[in-house]
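Colleague: Use the sequences and the hints to build the structure in full.
Number of protein chains: 2
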Amino acid sequence: MKAYQDLTREELLSLKTQLSDAYEEAKGKGLKLDMSRGKPGISQLDISMPMLDVINSTSDMRTALGNDTRNYGDLDGIGECRRLMAGMMSVNKDNVLICGNSSLNIMYDTVSRSMMKGVNGSTPWCKLDKVKFLCPVPGYDRHFKITEYFGIEMINIPLYNDGPDMDMVEQYVNNDASVKGIWCVPKYSNPTGISYSDEVVKRFASLKPAAEDFRIYWDNAYCIHHLYEDRQDEILNILEECEKSGNPNMVYIFASTSKVTFSGSGVSAIASSVENINYIQSQMTVQTIGHDKINQLRHARYFKDVNGLKAHMQKHAALMRPKFEAVLQVLDRELTGLGIGTWTNPNGGYFISFDAMEGCAKAIVAKCKEAGMVLTGAGATFPYGKDPKDSNIRIAPSFPTPEEMAAATDLFVLCVKLVSIEKLLEDNYGRI
Amino acid sequence: MKAYQDLTREELLSLKTQLSDAYEEAKGKGLKLDMSRGKPGISQLDISMPMLDVINSTSDMRTALGNDTRNYGDLDGIGECRRLMAGMMSVNKDNVLICGNSSLNIMYDTVSRSMMKGVNGSTPWCKLDKVKFLCPVPGYDRHFKITEYFGIEMINIPLYNDGPDMDMVEQYVNNDASVKGIWCVPKYSNPTGISYSDEVVKRFASLKPAAEDFRIYWDNAYCIHHLYEDRQDEILNILEECEKSGNPNMVYIFASTSKVTFSGSGVSAIASSVENINYIQSQMTVQTIGHDKINQLRHARYFKDVNGLKAHMQKHAALMRPKFEAVLQVLDRELTGLGIGTWTNPNGGYFISFDAMEGCAKAIVAKCKEAGMVLTGAGATFPYGKDPKDSNIRIAPSFPTPEEMAAATDLFVLCVKLVSIEKLLEDNYGRI
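Same order as they appear, the protein sequences are chains A and B. When we follow my numbering, the leftmost residue of the first sequence carries the number 1426, and every step to the right adds one. When we follow my numbering, the leftmost residue of the second sequence carries the number 1426, and every step to the right adds one.
One or more hints might be untrue.
Where chains are identical, the list cannot tell them apart; a pair therefore holds if satisfied intra-copy or between any two copies.
[Claimed, not checked] Derived DSS-like pairs (lysine-lysine); straight-line CA-CA distance at most 25 Å:
{"no.": "1", "residue 1": "K1542", "residue 2": "K1811"}
{"no.": "2", "residue 1": "K1729", "residue 2": "K1427"}
{"no.": "3", "residue 1": "K1542", "residue 2": "K1557"}
These aren't lab readings, by the way, just hints derived from the structure by calculation.
Modeller: Here you go:
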């Protein structure tokens, strides 16, 4: 394959005509595909249906300690569910607080409380002139929405294959007291799918923050979401590393079963030092009398322990793999060598990240949409929705079937090619 | 019965000796009773067990509109659950937003958002020098905790048998722009059990707030929680009245099924004008992708409509009545005519409110505790935990059995008598 950059104007124009015809034909098919969000597929949701039988009208509704899950109490979550989530998050039970149905909601609440009341007694952030968060990019749009909503200034940090640019992270965190946090998806990162290397985790744990209320927001959303049996990423335990480095309170870890059981009907958890957990509880008691303990019991009894979770996730992987492979096959076949895009081939998580030629992402997403295929908005993976290179596109293969994903990727590569050609023509010959 | 105030010193002293003996005997029994919170009794929780069979592994998990409740979506709640809660709250479906498991959490979030972002675009409260809430007293301790947590100044408003002192409410709301809200439990009020008269509701709806971002926080927690078939309170529809008065956005209504199905595993809702609901949703989308829709479906399918809820609540009433009556019988028999206490006899809700002689509540609660009976802390029903008269005690009869409630009230009246005698002796003869 010849790279598009090496084609003559005539070759580009002829290719454009060809591809335009194919695109018009594709449009005519009236496709309707939504690859915008990391939504589990229907067959994935079906896997968890037996969990709905675990609690029924004949069940003993008491916890191991004898507390009635149907009544008020257990603000920190029932013991068996704390143990389950602790296993998933590789921490001790006492480091875990079970919350509602959404880890995003815990992150929002954590930032919200810091804005109004500070962190473990520090000055409330809303009283400060400036509060900044570091944002490894590309990253998770909903993280950025939270910080944007609260008026927190976001600073882009390049995300490499082994984690964020740690020189830059250290430079900011260790010198700028207005830097209060960093958003991390350390394992099977959203959207690139990379995992942080041991060295990166150790450098995180060894930060010497200028701000006492600096925290690492460690969103371990995909901690057990492997795609392959033989290709699995593992990351160092950040809580342990922080302890070792004398920074026991520096990290908040978030996780949930939204992509294990049911999206919206799972359980979520925050893990941190006991001191942090106690502080959060002392605030949380104003907000709620307690979370849904019946659903906690349902999860704890169904999975029993972390091994139950892992076995369950193998079933998810079996369904997810063909979808990822369908995308990767088309990308490999159609785009290799053309010089108009690069993409990731992750070992887990929910996304494939595609980098188009600079200045092409928005146009590609728009072109896909015109033909009936909705992608995550270009730019969404960057703070303020602004990708400085207009290059990154997040592909979420989980919801459609493998066949639909293949068809969708056919359309996607068509749009990538067309937009790239138009860009090259414009750049090289637009001023003739 | 002779009022204690009319007894001589010798009569009081002799009575004290008698009662002290009885108290020591009671202490010896090693009672362990918790009447501190409005916790449903076990037999009440049992009523809702069949709901846990409604959703199982063979269920069609789609809403009437075909949306999969197991996946992301429906931030505002599934249609059938919005309809159910709308019926419960006497509003239209479009006025209702379904949230998580706790209406307290919605109230907290509503105040929290107002602090950080204002109300429908007004100046964020955290940017203002002073924000005040009116607090009808006695009232619900957890309301007061929320406003205290956010540093909002609370102003006591006397609560009469037909509602708050509306002259005072109008005086504050219509003239002081720093007054941003008022906490109301309009039906079977916590703790007094009174309901607002039509005139009071109309006066609420006709307020002319000095602050554009003033809202009525209408916690209709006990809207369907009648105790009797033939003695039921009904209140005017505040949302309709506000519309009629040209104040369509002035009220937020809160409710949940925490005391209908399971405490902590119910569904909660906020009802308001469509404009308010849309504004809240536009903010809520930063906080969460959606709430637990499977639990919404469970509730909607089990109850079908508001009539299902009402029939269900009759079963609760049958269990609650004997508990309330056990308390009232003892109070009537033991305290009538003694001049040392008054109490309410509500038609619904969860509480009986007891007013001791001034300066006696704390001592009574402490004396009960010493004998193994935990009551809501004296003062808790007032902002900052400070009952200016040290008089009000909230009795929560729901959790113990009727027999336990009778025994508990025996102990309670003993403590009331003893403390009252000590107070009278101290007041009248303490300086001799």
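Colleague: Each hint: holds or not?
Modeller: Taking the hints in turn, this is what the structure says about them:
For the homomeric pair K1542 and K1811, the shortest alpha-carbon distance between copies (23 Å) is at most 25 Å, but the shortest distance inside one copy (30 Å) is not. Proximity of K1729 to K1427 under the C-alpha cut-off of 25 Å is found in neither arrangement, the shortest distances being 55 Å within a copy and 64 Å between copies. Taking the shortest alpha-carbon separations for K1542 and K1557, both the intra-copy value of 17 Å and the inter-copy value of 18 Å come in at or below 25 Å.
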